[in-house]
Amino acid sequence: MSARADFDPHSAVRALLWRNRLMGWRARPGEAAFLGAALGLAALLLGALLLSQRDNLAAALGVLSDQGPLAGLLALALLAGSAHYRQRRRQRRQWARDWLAAQPVSSPVRRRRRWRDAALHWALQAALTGIVLLLAGLPASLPPALAALLAGALVGQLAADVERRPKVRRKLRETPFVQRGAGRPWRWQLIELSAALAPRRLAILLALATVLVPRGGLWMILPALILLMVLATLAGWQRSVGVIVQAQRWLAEQPLPARRWLPRLGVVPLGLLGASCALAALACVLADHATLAWLLLLPTFALALLHLACVMAHRAQPRRIALAMLIHASVLLAVAQALPPLALPLWLTQLGWLGRRALTTGIPAP
Amino acid sequence: MTAALELSAIHLRHGPNHVLRGVDLRLQGGELVGLIGPNGAGKSSLMQVIAGTQRRDGGSVRIAGIDLDADPLAARAALGVAVAPERLPALLSGRQCIELVADLRGQRDGLEQSWALAERLGFAPWLDHPVHACSLGTRQKLAIVQALIGRPPLLLLDEALNGLDPLAARALKDELRQRADAGSAVLLATHGLEVAERFLDRAVLLLDGRIAADWDRDCLRDFRADPRGGLEFAVAERLRGAHSS
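Protein chains in written order, with the numbering used here: chain A, 1 to 366; chain B, 1 to 245.
The hints are simulated quantities; they were obtained by calculation from the structure and are not laboratory data. Model, not experiment: these values are computed from the prediction. It is possible that part of the hints are untrue.
[Stated by the list, open to error] Derived Cβ-Cβ restraints for the label pairs, each shown as a range:
(1) B/R13 x A/A119: 47 to 53 Å
(2) A/S194 x B/A9: 39 to 45 Å
(3) B/A84 x A/Q238: 25 to 31 Å
[Said to hold, decoys possible] Which bits of chain B does chain A cover? Going by a derived footprint, with three or more residues having C-beta under 8 Å, they are:
(4) 38-44
(5) 51-61
(6) 211-222
Think of the CB as a built atom: it goes at the ideal place given N, C-alpha and C, for glycine as much as any other residue.
Model the full structure from these sequences, guided by the hints.
Here's what the structure looks like:
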């Protein structure tokens, strides 16, 4: 038996996946055109948003580069390092467990693939940073920013290589929210939420806040804390909403209509959303920025509810969730920009339609 | 004669739990060996240790005389593993998976044998369907065809007969017997004691991470004639003994 020492199966898998995707798009031109249009619309909206906020972005980044250039670079390096650390850990896990794990793939091939992926990851980060800095009119900040990204990427990649034995998962009864024998679905979400808010996951966010805080003023501390809260809330939101898809897989065959269990799984995400929005609104009002609260929280609340409705409606085919959300959000944002008075009725219609679909998926109510 | 598989003092721990406690096992070429045991005995962990996908805490693994740690590439090239069906790539077709693994193993010339095996297992009509469109049994067939690419001296099959229809199960048994006759060793983890009794040359009972019994071909033949239930009875006795102690 002789394995091909130069063959990179992971590249081959990627090439085949792209080939299959292209063939799928060719076979369904209508769907492909629709998806392309939706993606194009989303890109246009994002571009328009970035351009409209160009002055604010320039002002914020200008202050950061004037008053705390080192802190900004450190934060950038930390973000890049964290992203590379997670990417490398994910890659290692995948290589250790996927269908090719037991195949004879040579170490040089794995090393090449690893650094190619890291380089691609860095190039994407660099491109994004470059676009933001050029839009903000700060081309002079680009070289140090790229150097910070590179340093962070290298540290993240090397840190992920430090061997750590897999820890035994904490038993469920050790988590703060579990009581023995309590089989209510929202407890499941609370367990997921507690996992998302675990100290280990928050460490990187805290490190970011620490980097920014020593430079002084409230204006630096507040963004760090807001960033911390937003990212933690996002992680908690993803985990608690993810339970809906898992519950569908688990309960689909049970003789239960969706209305008996599905609405209960909306309680925790809605509670999290409500609490986060209330806290953010209170902070904005205390800081005398009531208008900002409306401007930020209203779209956030609307989009989050839309996301929850999309997850519930498409829980049986989770691959469709992202596309459904993209389409609904694009349509809503486009209407909100072009015909603002129609945005609220449209949003309510979308929620109603998705809600109806959610409750009629699976066994219908008697 | 070089053993197809040689395990020496394999230890594995998951946190405080000892999963494998010094497993020694030797398989010669041409042997069809069943690895049996209750749930949680460590069968799948042992298979993963042999495949090199599970880190072990002690002991050594030699495949066809090659040390897995010293030369993992050559050791893995001498090994055919049927992956769990849920690990197969959902968006590739069966044909793409088989061709890719054949490319990787330098066995492109032997693809005709793989297509013929796919035909015998009843997998041929599904070759060009994406994996996600296949049933569990059909994916199991794909995993088996992939494991049997080329002529590896050692085959590892974990519950490979699960989910197969009777015709495919028969075809797989015939194929494994042919491979064994040609000199390959097969280690099949299974809960099917009847399969172990009637089809295999040897059955190894794994209990609490240790080899509790190793029955050879003569023992298995005696079991077949035993009116008390043969291998099933013997395994049950060992389990009761283990629980009472």
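Evaluated hints:
{"no.": "1", "hint": "B/R13 x A/A119: 47 to 53 Å", "verdict": "violated, 37 Å"}
{"no.": "2", "hint": "A/S194 x B/A9: 39 to 45 Å", "verdict": "holds, 41 Å"}
{"no.": "3", "hint": "B/A84 x A/Q238: 25 to 31 Å", "verdict": "holds, 27 Å"}
{"no.": "4", "hint": "38-44", "verdict": "violated (count 0)"}
{"no.": "5", "hint": "51-61", "verdict": "holds (count 3)"}
{"no.": "6", "hint": "211-222", "verdict": "violated (count 0)"}
Hints 1, 4, 6, counting from the list given before, are not met by this structure.
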